[in-house]
Amino acid sequence: MAEKMALAKAINESLRHALETDPKVLVMGEDVGKLGGVFRVTDGLQKDFGENRVIDTPLAESGIVGTAIGLALRGYRPVVEIQFDGFVFPAYDQIVTQLAKMHARALGKVKMPVVVRIPYGGGIGAVEHHSESPEALFAHVAGLKVVSPSDASDAYWMMQQAIQSDDPVIFFEPKRRYWDKGEVDPEAIPGPLHAARVVREGTDLTLAAYGPMVKLCREVADAAAEEGRSLEIVDLRSISPIDFDTLQASVEKTRRLVVVHEAPVFFGSGAEIAARITERSFYHLEAPVLRVGGYHAPYPPARLEEEYLPDLDRVLDAVDRSLAY
Amino acid sequence: MTVESTAAHKPRRSAGGKTGGTGTKATGTTGTKRTTRAAKKSTDPQLVQLLTPEGERVANPEYDPYVAGITPEDLRGLYRDMVLTRRFDAEATSLQRQGELGLWASLLGQEAAQIGSGRATREDDYVFPTYREHGVAWCRGVDPTNLLGMFRGVNNGGWDPNGNNFHLYTIVIGSQALHATGYAMGITMDGADSAVIAYFGDGASSQGDVNEAFNFAAVYNAPVVFFCQNNQWAISESNEKQTRVPLYQRAQGFGFPGVRVDGNDVLASLAVTRWALDRARRGEGPALIEAFTYRMGAHTTSDDPSRYRHDDERIAWEAKDPILRLRRHLEAANHADEGFFGELEAESEALGRRVREAVRAMPDPDRFALFEHAYADGHALVDEERARFAAYQASFADAEGGQ
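Heads up: the protein sequence lines correspond to chains F and S, in order.
Count along the first sequence starting at 1, add 667, and that's the number in the working numbering.
Reminder that position 214 of the second sequence reads as 206 in the working numbering, one-by-one numbering, no gaps.
Just chain S, with the same shape it has in the complex:
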């Protein structure tokens, strides 16, 4: 079944059947001001799109206000973010092929979803990523080389989450949705107006933790935005193996709004995420954004997508490429000239070089690092085992010294 047919897949039981067709976004217990929206059948997913694949700006009265102030310079900035993120990602894939990284999870194709949502966050907001949010990390100002430590095998995280309010990559699927919700509950307790955004994918939507997070967030009206990048594939399993309803419609059953946005449209991703973060800040509770996108590459460098999907599917999605469509828009609107694109290319190459050099120079950790930070307050057994390990290591030095 093709991706398009997945989108059109009709659930056997309509989750929105009893709402009288009040819209694709549930009004929920907290309510929204936009109840006048034209009625849509909930089984007919409405994709929020501001830029067509051809780069044409289309009006959307509901979400246009959230990008009303966007300048040509801002658009160039978003374009630059996406290009550099893709370049970084490609460099990491190459580094894995060269044996410098043990594994890499490419974001190829998901740049718009990540840059659009990432640029919607405020400095005091907090981001809980999966392991593929390289574009969001870029927006948060995390040094991209920091992301590579865990893939090289020199640490299991390695950056200070509070440095950029960007939590560590989380590998076990969906766990971070609960951390995000708890953090958001804390924001409410503190009386702050920050918000939290939790990233996960279509596969994670099946996890209990994600559904528990939805429910906790709804019950406590927590300021958290659930940003689901539906890239159509959970390794080898397509959407039909994860859900009977379009994912954004899950929100309705939990009592908060859900929106499906064109995840290959950076402007729409920015607008919808701003909307969701704004309402969270105002105390209107959680929202679910389903960014409809496509994982152009393999799940990770260890994966072989040819075993489970046809190449023509990827080719069809290439026509909707997030970077290409913004370039078309920039060019058609005369917002960028050759000089801009040329400089960006040079900047991309410089980034690739910097990343390459940084990874190759990344030293293996000291062997005693394996005991470090196991506990914050120390632990007698760790002390004992470290001492024994040290004595064992020293025994080689003694043997060598004695020869």
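So that you can see chain F by itself, here it is in the shape it has in the complex:
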């Protein structure tokens, strides 16, 4: 039966379900046990499943991912938490060099069912290294899958599917949406993990986004509607792979595309989307694919982050520019 819960709680429920149903599933990371994680996403799990399954690790990200790889080789399915986006880089070597390639190096003889959870993105007034969006750095790496849910229901189901995946999944959690509530139906039948979804239909322009930017895009579409413009929103949900078929169908209907993400625009996922949609739908496009995202500057201090992050007006500006063609 559907229940309304916060996105963070949905992930918690999803982890709980996985721990209950598969004895090989482990949760590990810094402060995930007694504290329940700094965002309380793992709240209560250690109490119910014990210290051997919900593991407080030493404070060493490479160690967390490296030992998770060893546990996966032993047959476990570790779900590891990186406490904040900006803290993942000590583990980047293990993720890129080892985790991503192990299956191929062994010619398919071993599998790496490891989920790396990363709360990401800004908008929470945090100090440095707590607000970044490094998803493109992982999407660039063959062997990894990269996803980001935008609402509670997806958070629940995509976590279930990520844990069941025999490939490593980098699971980006939109931290500023952790407390947003949504309906979660644990008995529903979910769609594929890597399928994009049209979350609002429209005719004049397609907005493509994922994670924290989907909610912003809904607000943009509402504002644009007041001006008589009908925007369609595609929640990509998965950044590797990207469901280009769904996006292409939308773009060929609306003929215009604006991609929105918090990550820097330069070499961001929007760049890849623009290139591929241009290639696929060249004769359908009325305007170049536009992108709204972060600047090519270090993530700014909190008092400036509103200038850096895409907001209603910046996306509407891009919509106007696209429609002006």
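Hints in this document: simulated from the structure, not taken from any laboratory.
Given the structure is predicted, the values throughout are model-derived calculations rather than measurements.
Every residue gets a Cβ at the ideal spot worked out from N, C-alpha and C, and that includes glycine.
Please note that the accuracy of each hint is not assured.
Quick look at which bits of chain F chain S covers, simulated, 3 or more residues with Cβ under 8 Å [what the hints assert, rightly or not]:
1) 721 to 731
2) 740 to 746
3) 762 to 775
4) 826 to 836
5) 900 to 914
Computed Cβ-Cβ distance ranges for the label pairs, DEER-style [unchecked claim]:
6) F:Pro853 / S:Asn154: 32 to 42 Å
7) S:Gly200 / F:Thr945: 39 to 49 Å
8) S:Asp182 / F:Phe933: 40 to 50 Å
9) F:Phe933 / S:Leu95: 29 to 39 Å
10) F:Val865 / S:Phe388: 34 to 44 Å
11) S:Gly200 / F:Pro853: 36 to 46 Å
12) F:Pro690 / S:Pro355: 36 to 46 Å
13) S:Val164 / F:Glu894: 46 to 56 Å
14) F:Val865 / S:Asp356: 44 to 54 Å
15) S:Ala324 / F:Gly742: 41 to 51 Å
16) S:Gly370 / F:Glu795: 31 to 41 Å
Please arrange chain S on chain F, whose structure you already have, making use of the hints.
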């Protein structure tokens, strides 16, 4: 600075200064039963040796029990392992020179460390190697020709790690120490009494991953043995560039015992590794073994050691050759006759021939193999790119067919 002087190098700060000189092995949080050992200053590395370079068996009350049951046949077996491993290694070096392999990392000089430790493992134990553990692979029953695929460039690993509980060669230095620790944590969770052994070198001891592995292993009391082959050289950098303390003493700061063993002594390497694996199985946690040895050859076939070390250093180590010393012992004890050595030579040549023929017959992979196994569950982009690649390849066939 010579290797000997490296060994005698006194750290500025003694890691063991506050232990009151309780021994070269830290008792650690898990403790060991052997606290009665004669006091040694931790700055004075104690090398465990059971066979002198002259092949003389020396008593060691602490480690003798671990090789008490060794028969002359076992000794001949260890000798055979080392000779065949060296022969295989030499063949691979030749194959690289002939252009059959792109690269080879020779283990020349490290046979005793690898065969001694490798033969200490049990079938259900798990080994995490670097890229130079050809002798350990031999002990685990991995077909030596399987090791050559990645050096020939036909795959990036290519054997089933679970087939012999011998993980893929790991090139990025030290990464595998964490995998070994995680695997060992899994063994504990499973309630099994297997153990894990992680190989790495003196260079890797500087890596964060190795130190994180030490710490994770200690914190979780994981059944993992860290086997560091200190072959004195990390490509061109000597020990002084890696450490201020003898490497085995690093263990003390992490809370588990460390031992330095003569890595050119196969019997001592076997005994010390058995000791470490046994205590790991008993739930006494990790241990660090520093096998003091020497890389007689270049780092790889691409390296030129004459740029950074004197040949007299290698010559000095040749006097401590691991194979020569066991041969001397076998001969002095009358444990092997000419017939044994003659048959082994023939076996060596046969192995060399088999390896040579197998490598030369190793086909290039199918071009579509580059997409294979990128993912276990598939990936839309890989499918799309494979299809495009196939169409591109087919376009040549069409062009040829149309002519």
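Output the numbers, in ascending order, of every earlier hint that fails for this structure. No hint contradicted; all consistent.
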